[in-house]
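Peer 1: So the protein lines, in turn, are chains A and C. Here this note's numbering is used: the first residue of the first sequence is 144, the next is one more, and so on. Here this note's numbering is used: the first residue of the second sequence is 144, the next is one more, and so on.
Since the hints were made in silico from the structure, they are not lab data. On a predicted model such as this, the values are computed, not experimentally measured, just so you know. Among these hints, one or two may not hold up.
Since the list can't tell identical chains apart, any single copy or any two copies may satisfy a pair.
Said to hold, decoys possible - In silico DSS-like links for lysine-lysine, alpha-carbon gap of 25 Å or less:
#, residue 1, residue 2
1, LYS398, LYS295
2, LYS415, LYS191
3, LYS159, LYS385
4, LYS272, LYS380
5, LYS380, LYS206
There are 2 protein chains.
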Amino acid sequence: MIGIFDSGFGGLTVMKEYLKRYPQYDYMYLGDQANTPYGSHSPERVNKLVVQNVEFLIKKGCKLIIVACNTASADALRHVQQKYKGKPTILGVLVPAVEEALRSSKFGRIGVIGTRGTVISNAYERELKKYQKELYKLKGKRAEKNVRAIQKACPLLVPFVEEGMIKHVVTRMMLKNYLRPLRHANVDTLILGCTHYPLLQKEIERMMGRRVAVISSGKAAADAIEDYFKRHPEVEKGLFKKGKRTYYTTDSAEKFETLGSRFLGEKIKGEKVEI
Amino acid sequence: MIGIFDSGFGGLTVMKEYLKRYPQYDYMYLGDQANTPYGSHSPERVNKLVVQNVEFLIKKGCKLIIVACNTASADALRHVQQKYKGKPTILGVLVPAVEEALRSSKFGRIGVIGTRGTVISNAYERELKKYQKELYKLKGKRAEKNVRAIQKACPLLVPFVEEGMIKHVVTRMMLKNYLRPLRHANVDTLILGCTHYPLLQKEIERMMGRRVAVISSGKAAADAIEDYFKRHPEVEKGLFKKGKRTYYTTDSAEKFETLGSRFLGEKIKGEKVEI
Numbered sequence: 144m145i146g147i148f149d150s151g152f153g154g155l156t157v158m159k160e161y162l163k164r165y166p167q168y169d170y171m172y173l174g175d176q177a178n179t180p181y182g183s184h185s186p187e188r189v190n191k192l193v194v195q196n197v198e199f200l201i202k203k204g205c206k207l208i209i210v211a212c213n214t215a216s217a218d219a220l221r222h223v224q225q226k227y228k229g230k231p232t233i234l235g236v237l238v239p240a241v242e243e244a245l246r247s248s249k250f251g252r253i254g255v256i257g258t259r260g261t262v263i264s265n266a267y268e269r270e271l272k273k274y275q276k277e278l279y280k281l282k283g284k285r286a287e288k289n290v291r292a293i294q295k296a297c298p299l300l301v302p303f304v305e306e307g308m309i310k311h312v313v314t315r316m317m318l319k320n321y322l323r324p325l326r327h328a329n330v331d332t333l334i335l336g337c338t339h340y341p342l343l344q345k346e347i348e349r350m351m352g353r354r355v356a357v358i359s360s361g362k363a364a365a366d367a368i369e370d371y372f373k374r375h376p377e378v379e380k381g382l383f384k385k386g387k388r389t390y391y392t393t394d395s396a397e398k399f400e401t402l403g404s405r406f407l408g409e410k411i412k413g414e415k416v417e418i
Numbered sequence: 144m145i146g147i148f149d150s151g152f153g154g155l156t157v158m159k160e161y162l163k164r165y166p167q168y169d170y171m172y173l174g175d176q177a178n179t180p181y182g183s184h185s186p187e188r189v190n191k192l193v194v195q196n197v198e199f200l201i202k203k204g205c206k207l208i209i210v211a212c213n214t215a216s217a218d219a220l221r222h223v224q225q226k227y228k229g230k231p232t233i234l235g236v237l238v239p240a241v242e243e244a245l246r247s248s249k250f251g252r253i254g255v256i257g258t259r260g261t262v263i264s265n266a267y268e269r270e271l272k273k274y275q276k277e278l279y280k281l282k283g284k285r286a287e288k289n290v291r292a293i294q295k296a297c298p299l300l301v302p303f304v305e306e307g308m309i310k311h312v313v314t315r316m317m318l319k320n321y322l323r324p325l326r327h328a329n330v331d332t333l334i335l336g337c338t339h340y341p342l343l344q345k346e347i348e349r350m351m352g353r354r355v356a357v358i359s360s361g362k363a364a365a366d367a368i369e370d371y372f373k374r375h376p377e378v379e380k381g382l383f384k385k386g387k388r389t390y391y392t393t394d395s396a397e398k399f400e401t402l403g404s405r406f407l408g409e410k411i412k413g414e415k416v417e418i
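Put together the whole structure using the sequences plus the hints.
Peer 2: The following block contains the structure:
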């Protein structure tokens with residue numbers, strides 16, 4: 144079973160991408176509604192919550208776990224990867240987005256938007272620099288491309304999306320404010336570093352203009368898994384393939400079902416669990 | 144010692160009112176940052192968190208506890224009052240605001256704004272109807288005054304205030320939208336049913352016009368305590384009066400100190416605790 148977890152609904156946009164590409168697997172989703180939003184918690188708190196979520200999914204039999212939350216990936220992924228040593232495999236959403244951004248960027252000016260937690264962690268910049276070096280080795284010629292990460296925290300976009308204000312004038316105004324420094328910095332690629340943002344992707348693409356490639360971290364993560372399975376066929380073999388889906392939330396199932404269905408794009412049935 | 148707790152910083156606006164009137168007492172503040180915001184949690188979850196907070200403050204020696212959060216007062220106050228049976232005394236912020244609104248309202252058209260949790264609980268309407276009946280008995284003549292509560296959830300005001308966007312055009316636009324139905328309903332009194340809202344009080348008063356009395360639940364709660372002490376001198380006697388203040392948070396002390404100082408209007412030193 145593939146376990147996917149997030150601080151709330153956002154991870155369902157990631158799950159949607161997985162279901163689209165690989166509907167054959169069994170999936171278990173865990174939305175930690177009771178502790179939402181991770182973006183405003185301290186790194187220590189996020190670490191603790193991530194361990195709780197991973198423990199829960201392991202007990203439920205997940206052989207592959209996706210941390211479908213940028214803040215959690217930024218603050219705690221390395222920690223749980225080291226703690227569980229590949230049993231099970233735990234993957235995040237940052238690295239796939241970083242790799243796709245590096246492939247797509249022509250001039251190495253890469254914008255990143257996310258929650259305050261994600262931006263403060265500086266994880267995107269760190270990973271961009273790190274993977275750029277790996278690209279050096281592979282492609283030689285691209286060595287001269289200097290990567291610059293221009294990061295901007297957009298703390299109000301999550302509440303706007305959760306309020307369903309996708310096309311609201313107020314959302315557009317704040318979005319314009321948030322994107323201004325990225326436009327002024329002439330970014331050629333923009334990473335949507337929060338799982339809520341794909342719901343605003345069209346508006347963001349319109350504002351950034353046609354020349355800017357907009358990359359959703361969730362979509363990049365789903366794209367990358369095929370390659371991962373090729374390199375690790377033993378992980379893929381261990382997965383059940385009956386197309387079963389289970390949804391858990393740590394708070395009210397009712398709210399989870401209403402909002403969650405909007406994020407996933409199909410009706411879901413949630414169950415409340417204590418973890 | 145007087146214990147005051149809230150889901151985060153908001154309760155500091157309540158504490159500010161207490162300190163202004165009764166600086167002589169010892170105070171202990173607990174901001175449950177790790178679980179903020181309560182407004183988007185289910186009533187069961189809020190109940191559980193409120194019990195945790197009360198237990199913590201009891202262990203620390205508080206003889207009087209103020210639930211300085213409207214959502215927590217709405218969802219869980221009665222529960223903890225029954226659970227602890229007056230040992231210690233636990234008071235909320237709803238009833239004082241309701242009593243002041245009933246006293247001030249000429250035509251009984253009372254508006255209430257708050258988080259979605261507070262509005263869904265319907266606690267303000269319930270308390271308004273209940274206390275109106277008590278006023279009947281007292282004043283006879285006022286019996287013909289029918290109270291109508293017009294409630295409006297304003298879920299984005301908390302994030303706006305926490306972002307420091309007090310005078311931002313976007314805040315004004317949303318505020319206008321939120322207040323429109325209350326203006327159309329010709330309310331003569333408006334209860335600010337969330338501890339974050341006093342920071343927007345001037346703007347709200349300007350929008351509602353001079354004829355509408357705007358009542359802050361925190362200020363009403365602080366006003367009411369004097370009367371409470373007269374009726375229960377034994378509670379007042381049990382309080383330490385050395386003017387000591389202690390601030391606890393369940394998440395990062397750094398963030399708590401920065402934002403908290405803004406809410407309280409003076410510098411504070413916070414300590415992180417696990418509860």
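Peer 1: Which hint numbers does the structure go against, in order from smallest to largest?
Peer 2: Hint check: 4 fails alone, others pass.
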